[in-house]
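Protein chains: 2
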Amino acid sequence: MRYFAAMKEVQYAYEQLYDFTVAVFSRMGCPETHAHTAAQVLLSADLRGIDSHGIARLSGYVRLWEAGRVNPQPHIDVVHETPSTAVIDGDAGLGLVVAPAAMRIAMEKARQVGTGWVSVSNSNHFGIAGYHAMLALEEDMIGIAMTNASALVAPTFSIERMLGTNPIAVAIPAGSQPPFVADMATTTAANGKLELLQRKSEDAPYGWVQDKEGNASVNAHELKQGGSLLPLGSDRDHGSHKGYALGSIVDIFSAVLSGASYGPWAPPFPAYVPISENMPGKGLGHFFGAMRIDAFRTAETFKKHMDQWIGRFREATPAHAGQKVLIPGDPERETEAIRKVEGVPVAASVKEELHALARKLSLTAHLFSL
Amino acid sequence: MRYFAAMKEVQYAYEQLYDFTVAVFSRMGCPETHAHTAAQVLLSADLRGIDSHGIARLSGYVRLWEAGRVNPQPHIDVVHETPSTAVIDGDAGLGLVVAPAAMRIAMEKARQVGTGWVSVSNSNHFGIAGYHAMLALEEDMIGIAMTNASALVAPTFSIERMLGTNPIAVAIPAGSQPPFVADMATTTAANGKLELLQRKSEDAPYGWVQDKEGNASVNAHELKQGGSLLPLGSDRDHGSHKGYALGSIVDIFSAVLSGASYGPWAPPFPAYVPISENMPGKGLGHFFGAMRIDAFRTAETFKKHMDQWIGRFREATPAHAGQKVLIPGDPERETEAIRKVEGVPVAASVKEELHALARKLSLTAHLFSL
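Heads up: the protein sequence lines correspond to chains S and A, in order. Residue numbers for the first sequence follow my numbering, so the first one is 2 and each next one is one higher. Residue numbers for the second sequence follow my numbering, so the first one is 2 and each next one is one higher.
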């Protein structure tokens with residue numbers, strides 16, 4: 002919330018944004034259930050404070066559909082499976098729809114044999130990874146979600162964009178404590194953080210980006226000038242080879258295992274960016290895992306220990322006055338509680354895009370509420 | 002190798018170190034097959050250039066045995082299982098023996114149902130994670146290994162040591178290219194890197210450690226003065242909350258899922274450090290995964306694409322003259338090829354420890370070769 006104080010913005014009730022988003026996906030030709038799922042997944046980003054991945058991207062999805070790169074009525078097929086695994090072809094559907102379907106298959110496998118692992122090809126941007134991982138919490142499972150993405154990140158020692166920000170999410174149930182939910186790009190900073198700085202005309206810290214020649218840079222606009230994002234760790238001395246390895250593992254699990262396009266060939270989200278020729282696979286790839294807690298020990302015992310784990314970490318001695326140790330998922334959950342009541346802040350520029358979208362898709366009834 | 006140039010050291014043939022290590026574990030009372038397995042796992046670290054985790058730790062294992070904290074003749078039991086999972090009680094055995102046994106169980110489950118996932122309690126330090134993950138490569142599987150460890154790492158915003166360096170290893174087969182093998186501590190730098198700097202009386206880069214008050218520090222001896230290692234990312238601006246989350250996930254998968262001791266309660270490797278009272282579980286914990294490639298697509302197709310992936314990344318434009326993009330596992334494999342021929346360098350101080358060990362355990366016949 003703090004970041005937005007300096008920027009012009011509008012506050013919407015979640016329901017307003019939800020109704021509009023469902024209307025947009027319906028106008029694209031999505032079946033009603035798909036439109037609702039897609040809206041719920043997309044807007045979970047806005048609720049949880051990851052504003053770069055929510056309603057701000059709605060126009061982008063529409064442009065992908067206009068470019069013929071999103072199939073609004075996909076037949077999501079299981080291409081291959083074993084008792085604990087499946088490979089899914091998303092039929093160029095919205096990742097927002099394909100991903101929860103794939104996660105449900107992983108959970109069904111976990112019900113049967115303890116764990117389920119699903120690699121997905123031929124998909125698109127799936128929103129926030131955390132949403133899909135958290136589906137597992139409903140059934141006392143650990144949920145894992147990852148995806149590859151448009152190449153913006155240079156490996157250690159390189160200036161070439163070879164990997165996406167390739168996030169990993171892991172959701173772990175607890176008892177009286179809220180769940181542990183990590184959801185992180187495998188870069189030092191996600192692209193959305195740069196976009197915030199751009200709107201505020203502020204510099205980035207060193208270590209987030211490099212310029213096109215591989216020099217350290219604080220320019221938040223560096224990606225538009227041929228620069229690249231840096232893997233978690235920023236430089237070799239600070240472990241960037243580990244961030245590069247993590248991003249690579251996400252790419253391989255999501256795309257090489259499934260038959261999607263990987264590395265620099267991953268299809269870009271902006272519809273105006275041409276797709277590479279000679280793609281090695283189909284669309285974007287995702288990877289999902291579900292592990293039933295009671296495939297290891299009783300859920301009751303596990304949750305008791307998770308409560309103790311979380312409680313002990315909350316009590317860890319702070320470094321400085323006013324600081325406290327957070328549990329992964331704390332900031333997003335707090336933001337969600339606030340935004341469900343107070344509404345979702347939307348940047349003025351995004352509001353303009355939504356109005357343009359309403360006019361283009363003849364959804365002008367929504368203009369009154371937006 | 003470069004790092005050692007400034008230090009006094011001795012070069013041993015691998016076979017010399019191997020025979021001595023087997024003799025030491027046998028003298029501890031390990032059955033012959035266990036002694037051989039433990040020696041092979043331990044020395045794989047020296048071969049691969051991770052000198053902090055190899056022969057340099059042999060005396061430490063002996064001290065744990067003397068303190069009654071290692072059972073040389075463990076009954077490694079499956080406590081609970083489903084078709085794709087198992088929980089193993091290591092019976093306080095050497096992690097060097099318990100870990101490969103658990104990984105073999107994960108692989109057997111993968112043979113049956115596509116993937117296998119094993120969480121282990123009541124174990125000890127297991128050497129390098131990469132060794133165990135790489136076992137899966139023999140059978141065209143992806144291997145995953147992780148472990149918790151003595152608390153040396155402070156979470157973001159804290160000065161208290163709450164987590165170990167908690168490594169993650171992932172080994173992925175390729176075809177004509179060598180396999181992809183990532184093996185990384187979830188800290189900016191592993192403790193072994195600090196030990197090297199200590200021996201050379203050099204400073205660490207900022208971002209590796211903090212002092213006991215949470216201030217940035219370059220002192221390589223900071224851990225002895227109440228300081229702590231920092232999670233991958235180093236500080237909040239550079240993503241340390243992600244390194245903290247990764248280390249936490251390793252801790253939870255390895256210890257909360259299995260019933261081992263977690264977080265600050267993880268038993269320390271140095272035998273002279275007392276174990277916490279009111280431990281929440283038994284011993285150290287590990288977590289292993291094996292995924293059969295052909296549970297997703299044919300191994301042949303997968304390997305063809307891995308070769309393309311690896312080949313493309315090797316060709317990524319370097320940032321500066323003389324640099325090239327490495328594939329995870331490249332440096333360790335190159336070191337192994339050299340050391341198998343030229344021998345393993347051992348620091349003079351470690352040589353003295355090995356001689357003391359030979360005298361203590363009446364293995365003086367080995368003194369001639371060591």
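Bear in mind the hints are in silico, worked out from the structure with no lab data behind them. Honestly, I wouldn't trust all of these hints.
[To be verified] In silico lysine-lysine, DSS-like type, Cα no more than 27 Å apart, as pairs: (1) A:Lys194 x A:Lys213; (2) A:Lys305 x S:Lys283; (3) A:Lys213 x S:Lys304; (4) S:Lys305 x A:Lys305.
[Unchecked claim] Have a look at the derived ranges for each label pair, beta carbon to beta carbon: (5) A:Glu353 x S:Arg237: 17 to 27 Å; (6) A:Glu16 x S:Val79: 48 to 58 Å; (7) S:Asp331 x A:Gly30: 20 to 30 Å; (8) A:Glu196 x S:Glu16: 54 to 64 Å; (9) S:Lys225 x A:Asp238: 47 to 57 Å; (10) A:Ile339 x S:Glu301: 47 to 57 Å; (11) A:Thr302 x S:Gly323: 12 to 22 Å; (12) A:Met280 x S:Ser177: 36 to 46 Å; (13) A:Asp204 x S:Glu196: 49 to 59 Å; (14) A:Asp141 x S:Thr365: 32 to 42 Å; (15) S:Gly323 x A:Met280: 49 to 59 Å; (16) A:Asp78 x S:Val79: 32 to 42 Å; (17) S:Ala322 x A:Asp141: 49 to 59 Å; (18) S:Gly227 x A:Asn279: 37 to 47 Å.
[Unchecked claim] Okay, the calculated bits of chain A under chain S, using three or more residues with CB under 8 Å as the criterion: (19) 28-39; (20) 94-108; (21) 311-317; (22) 322-328; (23) 338-352.
All values reported here derive from a predicted model rather than from experimental measurement. Yeah, the Cβ is synthetic: ideal placement off N, Cα and C, and Gly gets one too.
TODO: List, from low to high, the hint numbers that the structure doesn't satisfy.
DONE: 3, 4, 5, 7, 9, 11, 12, 13, 14, 15, 18, 19, 20, 23
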